[in-house]
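K.L.:
Chain by chain, the residues run as shown.
2 protein chains.
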Amino acid sequence: MNGTEYVRQDRSGPARVVPLLGWLRHYDRRTLRHDLIAGVTVAVMLVPQSMAYAALAGMPPVTGLYASVVPLLVYALLGSSGSLAVGPVAITALMTGTALAPLAQGDPARYAALAGLLALLVGAIQVLMGVLRLGALVNFMSHSVLSGFTSAAAIVIAGSQVKDLLGLDAGRAETFPEIIASLWRSATTVHGLTVLVSLASVAGLLLLRRYLPKLPGALLVVAGVTVVSAGFALGTQGVRILTEVPGGLPAPAVPALGGSDMTALLPAAVAIALVAYMEGIAVAKSLAARSRQQISPNQELLAVGSANIAAGLFQAFPVAGGFSRSAVNFSAGARTPLASVVTALMVALTAVFLTPAFHHLPKAVLAAIVVVAVLGLVDRRSAVTAWRTRRSDGLTLAVTFVVTLLFGVEPGLAAGVAFGLAMFLWRSARPHLAELGRVPGTQMYRNVARYTGLVTDSRVAIVRVDGPLYFANAQFLEDRLLSLAEQRPELTALVLDASAISDTDADGAHALAELRQRLAALGVALHLATVRGPVRDLLGRAGVWQTMHGDGQVHADLTAALAATGAGHPNSSRR
Amino acid sequence: MNGTEYVRQDRSGPARVVPLLGWLRHYDRRTLRHDLIAGVTVAVMLVPQSMAYAALAGMPPVTGLYASVVPLLVYALLGSSGSLAVGPVAITALMTGTALAPLAQGDPARYAALAGLLALLVGAIQVLMGVLRLGALVNFMSHSVLSGFTSAAAIVIAGSQVKDLLGLDAGRAETFPEIIASLWRSATTVHGLTVLVSLASVAGLLLLRRYLPKLPGALLVVAGVTVVSAGFALGTQGVRILTEVPGGLPAPAVPALGGSDMTALLPAAVAIALVAYMEGIAVAKSLAARSRQQISPNQELLAVGSANIAAGLFQAFPVAGGFSRSAVNFSAGARTPLASVVTALMVALTAVFLTPAFHHLPKAVLAAIVVVAVLGLVDRRSAVTAWRTRRSDGLTLAVTFVVTLLFGVEPGLAAGVAFGLAMFLWRSARPHLAELGRVPGTQMYRNVARYTGLVTDSRVAIVRVDGPLYFANAQFLEDRLLSLAEQRPELTALVLDASAISDTDADGAHALAELRQRLAALGVALHLATVRGPVRDLLGRAGVWQTMHGDGQVHADLTAALAATGAGHPNSSRR
Numbered sequence: 096m097n098g099t100e101y102v103r104q105d106r107s108g109p110a111r112v113v114p115l116l117g118w119l120r121h122y123d124r125r126t127l128r129h130d131l132i133a134g135v136t137v138a139v140m141l142v143p144q145s146m147a148y149a150a151l152a153g154m155p156p157v158t159g160l161y162a163s164v165v166p167l168l169v170y171a172l173l174g175s176s177g178s179l180a181v182g183p184v185a186i187t188a189l190m191t192g193t194a195l196a197p198l199a200q201g202d203p204a205r206y207a208a209l210a211g212l213l214a215l216l217v218g219a220i221q222v223l224m225g226v227l228r229l230g231a232l233v234n235f236m237s238h239s240v241l242s243g244f245t246s247a248a249a250i251v252i253a254g255s256q257v258k259d260l261l262g263l264d265a266g267r268a269e270t271f272p273e274i275i276a277s278l279w280r281s282a283t284t285v286h287g288l289t290v291l292v293s294l295a296s297v298a299g300l301l302l303l304r305r306y307l308p309k310l311p312g313a314l315l316v317v318a319g320v321t322v323v324s325a326g327f328a329l330g331t332q333g334v335r336i337l338t339e340v341p342g343g344l345p346a347p348a349v350p351a352l353g354g355s356d357m358t359a360l361l362p363a364a365v366a367i368a369l370v371a372y373m374e375g376i377a378v379a380k381s382l383a384a385r386s387r388q389q390i391s392p393n394q395e396l397l398a399v400g401s402a403n404i405a406a407g408l409f410q411a412f413p414v415a416g417g418f419s420r421s422a423v424n425f426s427a428g429a430r431t432p433l434a435s436v437v438t439a440l441m442v443a444l445t446a447v448f449l450t451p452a453f454h455h456l457p458k459a460v461l462a463a464i465v466v467v468a469v470l471g472l473v474d475r476r477s478a479v480t481a482w483r484t485r486r487s488d489g490l491t492l493a494v495t496f497v498v499t500l501l502f503g504v505e506p507g508l509a510a511g512v513a514f515g516l517a518m519f520l521w522r523s524a525r526p527h528l529a530e531l532g533r534v535p536g537t538q539m540y541r542n543v544a545r546y547t548g549l550v551t552d553s554r555v556a557i558v559r560v561d562g563p564l565y566f567a568n569a570q571f572l573e574d575r576l577l578s579l580a581e582q583r584p585e586l587t588a589l590v591l592d593a594s595a596i597s598d599t600d601a602d603g604a605h606a607l608a609e610l611r612q613r614l615a616a617l618g619v620a621l622h623l624a625t626v627r628g629p630v631r632d633l634l635g636r637a638g639v640w641q642t643m644h645g646d647g648q649v650h651a652d653l654t655a656a657l658a659a660t661g662a663g664h665p666n667s668s669r670r
Numbered sequence: 096m097n098g099t100e101y102v103r104q105d106r107s108g109p110a111r112v113v114p115l116l117g118w119l120r121h122y123d124r125r126t127l128r129h130d131l132i133a134g135v136t137v138a139v140m141l142v143p144q145s146m147a148y149a150a151l152a153g154m155p156p157v158t159g160l161y162a163s164v165v166p167l168l169v170y171a172l173l174g175s176s177g178s179l180a181v182g183p184v185a186i187t188a189l190m191t192g193t194a195l196a197p198l199a200q201g202d203p204a205r206y207a208a209l210a211g212l213l214a215l216l217v218g219a220i221q222v223l224m225g226v227l228r229l230g231a232l233v234n235f236m237s238h239s240v241l242s243g244f245t246s247a248a249a250i251v252i253a254g255s256q257v258k259d260l261l262g263l264d265a266g267r268a269e270t271f272p273e274i275i276a277s278l279w280r281s282a283t284t285v286h287g288l289t290v291l292v293s294l295a296s297v298a299g300l301l302l303l304r305r306y307l308p309k310l311p312g313a314l315l316v317v318a319g320v321t322v323v324s325a326g327f328a329l330g331t332q333g334v335r336i337l338t339e340v341p342g343g344l345p346a347p348a349v350p351a352l353g354g355s356d357m358t359a360l361l362p363a364a365v366a367i368a369l370v371a372y373m374e375g376i377a378v379a380k381s382l383a384a385r386s387r388q389q390i391s392p393n394q395e396l397l398a399v400g401s402a403n404i405a406a407g408l409f410q411a412f413p414v415a416g417g418f419s420r421s422a423v424n425f426s427a428g429a430r431t432p433l434a435s436v437v438t439a440l441m442v443a444l445t446a447v448f449l450t451p452a453f454h455h456l457p458k459a460v461l462a463a464i465v466v467v468a469v470l471g472l473v474d475r476r477s478a479v480t481a482w483r484t485r486r487s488d489g490l491t492l493a494v495t496f497v498v499t500l501l502f503g504v505e506p507g508l509a510a511g512v513a514f515g516l517a518m519f520l521w522r523s524a525r526p527h528l529a530e531l532g533r534v535p536g537t538q539m540y541r542n543v544a545r546y547t548g549l550v551t552d553s554r555v556a557i558v559r560v561d562g563p564l565y566f567a568n569a570q571f572l573e574d575r576l577l578s579l580a581e582q583r584p585e586l587t588a589l590v591l592d593a594s595a596i597s598d599t600d601a602d603g604a605h606a607l608a609e610l611r612q613r614l615a616a617l618g619v620a621l622h623l624a625t626v627r628g629p630v631r632d633l634l635g636r637a638g639v640w641q642t643m644h645g646d647g648q649v650h651a652d653l654t655a656a657l658a659a660t661g662a663g664h665p666n667s668s669r670r
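So the sequence lines, in the order shown, correspond to chains A and B.
Residue 532 in our numbering is what sits at position 437 of the first sequence, and the numbering runs on without skipping anything.
Residue 495 in our numbering is what sits at position 400 of the second sequence, and the numbering runs on without skipping anything.
Keep in mind that the hints were calculated from the coordinates and are not lab data.
A hint or two may mislead.
Not the full set, but computed from the structure, chain A residues with beta-carbon under 7 Å of chain B [unchecked claim]: (1) A384; (2) R545; (3) G562; (4) A567; (5) G628; (6) A637.
Coverage of chain A stretches by chain B, computed from C-beta distances (three or more under 8 Å per stretch; other residues unrestricted) [claimed, not checked]: (7) 484–495; (8) 514–522; (9) 525–539; (10) 597–609.
Glycine is no exception: its CB is placed at the ideal position from the N, C-alpha and C atoms.
Please put together the full structure from these sequences, using the hints given.
P.N.:
Now the structure itself:
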């Protein structure tokens with residue numbers, strides 16, 4: 096039951112396609128015992144959470160149970176992680192509700208069909224990404240974007256639950272200003288007894304988590320409050336309860352909806368597919384590192400995508416690998432997907448036999464579970480770290496946070512990714528330049544702006560360019576180096592230290608050729624030193640390398656380049 | 096009259112704001128003679144071209160003259176180039192027509208007002224970019240994008256003139272498929288006499304350009320065909336002629352249009368502002384290099400932006416610095432903006448006194464001028480060079496070309512820029528890695544995949560990462576380096592040559608810290624060598640540098656790093 100204990104995963108033969116077979120090759124009784132304990136532990140946590148997240152997604156609570164049976168079995172068959180716990184999670188539930196509410200026009204049957212279609216789309220996108228090996232796409236969401244997004248989404252989620260906690264007659268609201276306005280308008284409809292139930296639930300959840308963390312807090316609160324609610328008939332006194340919860344498991348069916356719905360859901364499906372995969376892969380990787388297992392990102396996309404397709408076929412809504420449940424699963428000993436099979440069977444038993452027990456469960460309890468679960472997601476420390484490490488990272492986080500809060504989850508995610516990429520591109524369009532001098536008595540060269548006592552020569556400038564030389568910065572570099580040469584009438588040679596030029600393109604090659612000609616017109620020879628292989632290849636294809644090589648202007652390192660310019664000896668000075 | 100002769104430009108005092116004052120400080124009679132000759136030469140070229148481009152923009156031909164008076168004077172006052180010839184140019188004329196036609200609903204008065212508003216918007220955007228010093232934004236349009244865009248636009252422009260060349264009754268068409276379809280539908284309305292006029296005009300233009308390049312071909316063809324048209328009364332025989340051309344110059348007026356028109360024109364205005372600036376700055380820079388003058392990109396934005404505002408106020412349409420006219424201006428001796436003042440005065444005299452002479456000018460002649468002018472813009476050589484230099488550059492060019500041809504100029508430009516950036520980002524998300532070995536008998540290290548006979552040590556891997564380490568590739572690098580360590584059980588140290596890591600961010604620092612821990616779990620120590628200053632600073636703010644420095648894991652160069660790992664001596668082998 097600790098991190099050093101691990102189960103070998105065999106990925107040869109048929110296990111390449113169905114990893115579960117690989118796990119079973121080395122399965123033993125001890126592993127089974129761990130998986131049984133972990134599976135039951137997660138199920139006890141998952142039953143109340145999945146119902147709460149279903150409500151957050153705007154779905155009947157029982158569909159949360161549906162989302163926690165077949166999708167888990169499918170993931171167990173195909174997933175490459177031994178500890179990931181798949182099921183409904185808070186953020187994708189919020190995104191699901193946001194996407195569906197405007198399309199469903201208040202019709203619950205249409206809402207459910209749209210949810211299924213959305214899950215199918217999410218699954219199809221994930222499977223497609225896995226087949227095309229596009230898992231790396233999610234890397235364009237930086238930690239800063241994810242952190243700002245998650246914090247804002249957690250606040251929106253918590254805010255959206257306030258109406259249920261207070262028993263208000265308020266409609267669904269998607270953004271923070273809408274939520275505040277909606278709560279303000281309906282503030283007079285606050286229902287005292289519901290507030291009491293909410294306070295008791297929140298207090299129970301927090302106290303149990305704090306003082307008895309080993310106990311299944313959510314389940315105990317659900318059970319306790321349900322007993323009280325049934326005993327005092329709270330449902331007849333204005334407290335909203337679940338009333339009839341249908342029992343049994345759903346039969347598979349393809350949601351019957353048209354192409355226009357599919358088009359309307361597509362942007363949300365892409366966003367959910369990325370976020371759901373991102374949440375799962377992050378936790379799966381960190382757990383796999385601790386148990387020395389291997390995660391295959393593209394296999395994970397196939398597995399979680401198939402789980403979502405199953406969710407779509409079994410009247411559920413999009414699922415993902417959940418962060419907190421996976422951590423519980425891991426620390427309870429889960430090392431193979433058999434744990435998820437145990438969880439799925441437990442949830443199935445609940446759905447078949449125990450739904451009547453939820454009749455008297457107040458909705459406010461589910462809201463309390465959601466609020467307590469997501470408040471831990473607000474991450475102030477990451478914001479401070481990002482801002483301190485790099486202003487642009489902090490700004491990206493802030494932009495994502497504010498846009499998500501004010502305009503919703505998808506605009507927030509899109510704005511964050513776009514802003515982060517724009518900052519990166521803008522920075523790469525104006526790369527750092529360092530003028531170098533020689534460390535006396537050595538062949539090492541350092542930035543004259545950072546070190547003192549370096550040997551320089553007024554006739555030879557040594558400049559290092561830090562970054563790829565490509566279309567967006569080629570003109571900038573040409574202008575900068577040319578104006579440097581123009582400002583120094585004594586200059587006879589400019590040595591470009593290309594060691595940090597990692598890449599180039601046709602525009603970069605063209606700019607180098609032009610720079611060489613324009614410097615020559617000023618009587619300055621351009622030399623290149625330490626050109627990296629890929630850059631050299633491209634300069635060769637553009638014809639620039641041959642010309643410069645023919646003129647003895649390309650060199651293996653700075654020492655050779657300076658020898659060619661004849662610098663560093665007669666006129667050299669220290670600064 | 097040659098490139099080495101140059102006029103000093105003084106940019107101190109009030110000349111910082113109005114560069115013309117700086118030119119005049121060093122003005123002499125010789126310069127005046129050159130500017131007079133150049134100004135007249137350009138005017139003779141500009142009068143027929145500006146009328147032809149006005150027709151291309153869907154405006155009355157006389158507005159081409161309007162666009163060539165006040166905007167030129169404004170540019171002469173503010174421009175930093177001594178040779179740029181501003182006025183109507185083919186590509187922005189096409190973009191103007193494309194933007195206005197759907198909004199004007201066939202009402203010529205509304206069309207003219209929209210054209211003025213568009214010029215005002217273009218000017219305002221350019222002035223704003225100049226004030227905010229955003230001239231570098233145009234660098235995101237690579238040569239490949241511009242080349243593909245220009246070639247496709249030239250084909251669309253030439254295609255759009257075919258109906259006038261053949262005298263067809265065809266409507267305006269914006270994309271290549273539309274043009275073909277429109278010509279096909281109206282093919283039966285071809286007018287024989289108009290075809291004859293067109294053939295004569297095209298032949299005249301091409302023959303004069305080929306055999307008498309010093310003569311003003313367009314003007315001669317216009318004069319000759321007009322005389323024939325008047326003598327034989329071609330206008331009464333079905334050849335479309337300009338008929339009444341209003342004389343005089345327009346009074347300034349603000350186009351009276353609402354905010355909704357402004358919103359509708361904004362995307363086109365942004366595209367035209369960028370393209371117009373790009374065309375001008377490119378030619379201005381290349382000419383300035385030859386006359387040893389200095390171009391200030393942000394001053395150019397202010398100048399051409401002000402010229403466009405003047406165009407908007409004087410009933411014209413967007414203008415730009417033209418490529419071919421500027422080259423003519425330069426080779427005729429223009430070295431100061433006084434040449435443009437001369438041109439503007441000549442065009443003004445034409446507008447006031449000579450418009451009755453254009454009564455009998457056939458529209459087909461203007462179409463012939465446009466076609467002959469733009470066919471030289473189709474650039475096959477750039478396409479071949481781009482494809483050969485770098486596949487992604489060739490693809491970018493092809494995407495821009497095809498989208499421009501099939502969907503129009505703005506989608507083409509947007510698709511090209513987006514595709515080019517996506518290729519750059521995708522490449523930077525999977526940076527090149529090189530495993531290094533030591534060149535025997537030296538302290539130089541080279542890529543083992545490119546060189547043979549290098550000294551390596553199976554216990555110490557040296558890996559160079561070529562590219563910035565940032566959010567989009569941090570995970571990729573961590574995974575790649577970790578799997579390298581996992582595949583080599585003998586490994587005790589991994590030395591990361593950071594000399595080509597030009598930049599990093601919070602995610603990069605986090606990935607390094609995580610990689611270090613995960614390698615340590617495998618018994619492999621991570622060492623960094625040759626970390627560039629900006630990267631070191633950031634790792635310091637993230638706290639990674641201090642930890643690694645404390646453990647003796649950061650080194651000035653590879654030699655020091657290898658000494659710290661104890662590698663390269665006992666067990667080393669050649670490969």
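K.L.:
Which numbered conditions among the earlier hints are violated in the structure presented, ordered from lowest to highest?
P.N.:
none
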